[in-house]
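Go by the hints and put chain G onto chain D.
So you can see what is in the structure, the chains are spelled out below.
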Amino acid sequence: MTIANDALTPERAAPAPRRRTRRVPIWAWLLVAFVLVSFARVITGSDELDSAGTLREAIVATVPIMLAALAGLWSERAGVVNIGLEGMMILGTIGAGYFGYFYGPWQGVIAAMIFGAIGGALHALATVVFNVDHIVSGVAINIMAVGVAAFLADTWFSGLQGGGPTQSPPIDPPAQVELAGVADWAKTVEDKHWFVVSDLASVLGALTRDLSSLTVLALIMVVATYYLLWRTSFGLRLRSCGESPQAAETLGVDVYRFKIVAVLVSGAIAGLAGGFIVLVGAGLYQNGITGGRGYIGLAAMIFGNWRTGGLLIGSALFGYTDALQLRAGGGAVHALLIVVAIVLLVYGIYLLRRGSRRPGVITVVAAVLFAAWFFLTDEVPADFTRMTPYVATLFVLAFAAQRLRMPAADGLGYRKGEAG
Amino acid sequence: MLKRVLVGAAAPVLALVLALVITMVILLLAGNSVSAFLTTLFSAPAPRNLVNIINNASVLYLSALAAAIGFRMNLFNIGVEGQYRVAVFAAAAFCGQNVLPGVLNVIAAFVIAIAAGAGWAAIAGVLKVTRGVSEVISTIMLNAIAVSLTAYFLRKWGLTVGNSLQTRSVPHDSWVPGLDLIPGAPNQILGLSVLALIAGIGYAVVLNRTRFGFELRATGASATAAVASGIDVRRMVVYAMLLSGGVAALVGLPLLFGDTHSYSTTFQAGLGFSGIAVALLGRNHPLGIAAGALLFAYLTEQSSLLEIDAGISNDIVSITQGVLVLSVVVAYAVVGRYRRAAEQRSVAEQLAPADARTEAVA
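Line by line, the protein sequences are chains D and G. When you number the first sequence by the numbering used here, it's gap-free, plus one each residue, and the end is 420. When you number the second sequence by the numbering used here, it's gap-free, plus one each residue, and the end is 1362.
Don't take each hint at face value.
What the hints assert, rightly or not - Looking from chain G toward chain D, a few residues come up when the C-beta cut is under 7 angstroms (computed):
| # | residue |
| --- | --- |
| 1 | I1112 |
| 2 | R1131 |
| 3 | S1148 |
| 4 | S1313 |
| 5 | S1318 |
| 6 | G1322 |
| 7 | V1325 |
Just so you know, the hints here were simulated from the structure itself, not pulled from any lab data. If you're wondering where the values come from, they're calculated on a predicted model, not measured in any experiment. The beta carbon of each residue, even a glycine, is placed where N, CA and C say it ideally should be.
Next comes chain D alone, as it looks inside the complex:
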C-alpha cells in the first residue's frame, strides 16, 4: 500500500538523533531539544508550545507511559516478554477506581499496584512455571483483564451517584506538591517570552504548581529501578536471567525466583500506571480508559533500548506530543515540524561528513520534506499526532536495529537443569 509508505515516510528518523549513545549523556540531548523547542516557539510565536500549562499536561501524559515502559523493563530484563502490560494496567485502573473512591487516594494507589501484581502473577505462573509462550500468555491476560474490569465496574459502580455501569463517580486525587511563591515568580518570567529564559521558567512553573505527589513517586521509581538493576548484585543477577539463564543457573542464581519477582514487580508498576491515569489523569475510572497506553509504554521501552534513561526520553517524547495536541491543537504540533527538520538536517550533515553516503542523503531529503510540510501547511491533523509514537518506534526499529540490543534471552523459554 502506497498510503502506508507516504504516511510513514514523513515521520522518519525523528527520534534517531535522540538515540542514546554511550558518549553523549542524556542531559545533553535534553538540553539541545530544549533549546530547539524554545527556538521554534520564538520563530512561530506559538507560546503554548512549552507553556507551564502544556508542560503540566505533558507530565500527566508522560507518567503512565513511563511507568508502563518501566514495568516492561523489569520483566524483559529478566527475560520475560510482557505484552500483557495493557491488561495489567487495566486491572490497575479498576483497583484504583474502587479503592480510590471508597477508601481514599493512597488506598487506591496501593490497590492499583496489587491488582496489577495479580496480573503479573498470572503471567509469571504461565510463562515461568508452565513455560507457556510469553506472547500467548500476554494476549490472554489482555483479553481477560478487559472482561474483569468491565464486570467489576458494572458490579461496583452501577447506581452510584455520578457513576454508572461503565464508569465510577469522580475520585479525589492524591495530594499535590506546590511552591506557590516560586510558581508565581516563574509565571511572570514566562510571560516575558524571552528566548530560553522564559522556557526555563515555564519548566520551573510546571514543576512547582499542581505537581502530583504520585508523579514524584513515579520519578523516584525510575531512579530506584536504575539503581537496583544496574548498581546492585540483585540487579546483576536479575539481568543475567534475561541475558543467559543457563549461565546464571551455573553460578547459583535461582532463575525462577528472579523471573517471578521481576514479573510481579512489572505487574505492580503497570498497575500503578493504570492507577495514575485514574487518580491523577482523569479523576475517575472508565472502561477502556488506558487507551492502548500499555502498548505505547512497550514502544517507549524499545525506543529507549531497554534502558531507564532511554525509556524516559521515549515516554517524554510521546507524552509531550500527545499533550500538545490535546491542549494546543494541530497548530502547535505544526511548530514542532521545523524542529524535526533542523534536527534531521544536522544529523544528515553529520552522517555525510562521517562518510555514510546513503543514510546521510536520505536524512537530508527527509529534513527537506519536513521543512516543506512545515511551510506548506498550517497544522498537523490529530490522527497523525496520535500515530507518532508507533511510527517513530517502527522507524527506530527499522533503521537503528543494529544499535538496539534487547536482553539476549528475552522471550525464550527456560527450564531448570538445562545447563547440564
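Relative to the frame of chain D, chain G by itself:
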C-alpha cells in the same frame, strides 16, 4: 487413534470446566446467583440467537484462521486487528464510489480488500526479513497506526451521519443477500458467512496437501531444519504474512456487504484479538478453530440474556473467555510436557534391556 483424540480433547474440556469454576467463584464473591447464571447460559438459544451465533462465529473463524496461518510457522501476527480494519475500509471506500455495477463491484472490493490487508501485513513481514524487526512489535504498532490512519481518511472524506463518520454506503445492487437457513428466525445468516467455510477448507488443503503448506509447517517446527532442507525461510515469512493478511482482509467483508453497508467509526472492533484467542483455543486446527469460534460466539450471544434474565453483567462472559484461553494454553503446555516425558520413559524402557544385553556380550 481414539486415545489420541481423547487426550487432545481432554485439555480444552478441562480448561472449559476450570474457566466456568473460576467464573462461578467470581460471581459468588460479587454476590450474584450462580444457578441463575448457569440456567441462562445453558438455556437453548432461540432461532434468532442461533442466527447471531452463526454470524458471529463465521467472522471469528476467519479472524482465527488468519492468526493460525502465522502461528503454524511460529509467526505471531498480532496485527489481524489492523489488517482487517484497513482492508474493510479500503473495500468500503471503493464500493461507495459506485464505479462498477452489482457483482463486479463486490468482486473488485474483494481484490482491493485482500490487497490492502496483505499489503498491511507485508510491512511487518518485510521489516522482519530485511531489518530483523520482531513481527510482534511491528504488528502491534501497525494496529495502532491503522486505527489512526483510517480515522484520518474518514475525517477527510467521510460523511457525517448522526454521531459517527462513515464512508459512502455500498449501493443496493451490490449488497450480498442473507440466507434463511434457520426456520422461524426473523433475521438472516450473513450471505458471506460461506467465506468461513471456503477459507476453512482452503486452509486445511493448503496446509496439509501442498508443498507450500509443508514448508510452512516445517519452518514452524524448526527454522534451522527448514533452512537445512533447502527452504527459503525469509521468503516463507513474507508469504505467510501476505497470506495471513489476505485472510484477515476477509474478516470484515461479511459485515460490510450483509449488515452495515459502510465503514464507520463504530464498525465492530476487537475481532482480531478475539480471533487470536480462538486460534489458541482451537490449536490452529481447522476443526478445532471452528469449535472454538462457535463456543466463543455462543458464550457472547448467551451473555446478552444474562443482564435481562439473571441481572448479571454480561461482561462476566469475557472473564470466562479470557480464563478459558489462558487455562487452555497452560493445559496444552502441561499435557505436552507430560506426553514428552511419557515418550522418553517408554523409549528408555525399550532401550534398557538392549543396553544390558550389549554389556553382557562385551
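Take the shortest C-beta to C-beta distance between V1325/G and chain D; is it under 7 angstroms? Where the cut-off is 7 angstroms and the nearest Cβ of chain D is about 4 angstroms from V1325/G, the hint holds.
Under the criterion of a CB-CB separation shorter than 7 angstroms, is R1131/G in contact with chain D as hinted? Since chain D brings a Cβ to about 5 angstroms from R1131/G, closer than 7 angstroms, the hint holds.
Let's test the interface hint: is any C-beta of chain D closer than 7 angstroms to that of S1318/G? Holds: closest Cβ of chain D sits about 3 angstroms from S1318/G, inside 7 angstroms.
Taking the least C-beta to C-beta distance, is I1112/G closer than 7 angstroms to chain D? With a closest approach of 10 angstroms, the I1112/G hint is violated.
Given hint S1313/G near chain D, where the shortest CB pair must fall under 7 angstroms: Result: holds, 4 angstroms to nearest chain D Cβ.
Does S1148/G meet its interface restraint, that is, does its C-beta lie within less than 7 angstroms of any C-beta in chain D? 4 angstroms, holds
Please verify that hint: G1322/G, Cβ, nearest Cβ of chain D, below 7 angstroms or not. Result: holds, 3 angstroms to nearest chain D Cβ.
Hint compliance for this structure: hint 1 alone is broken.
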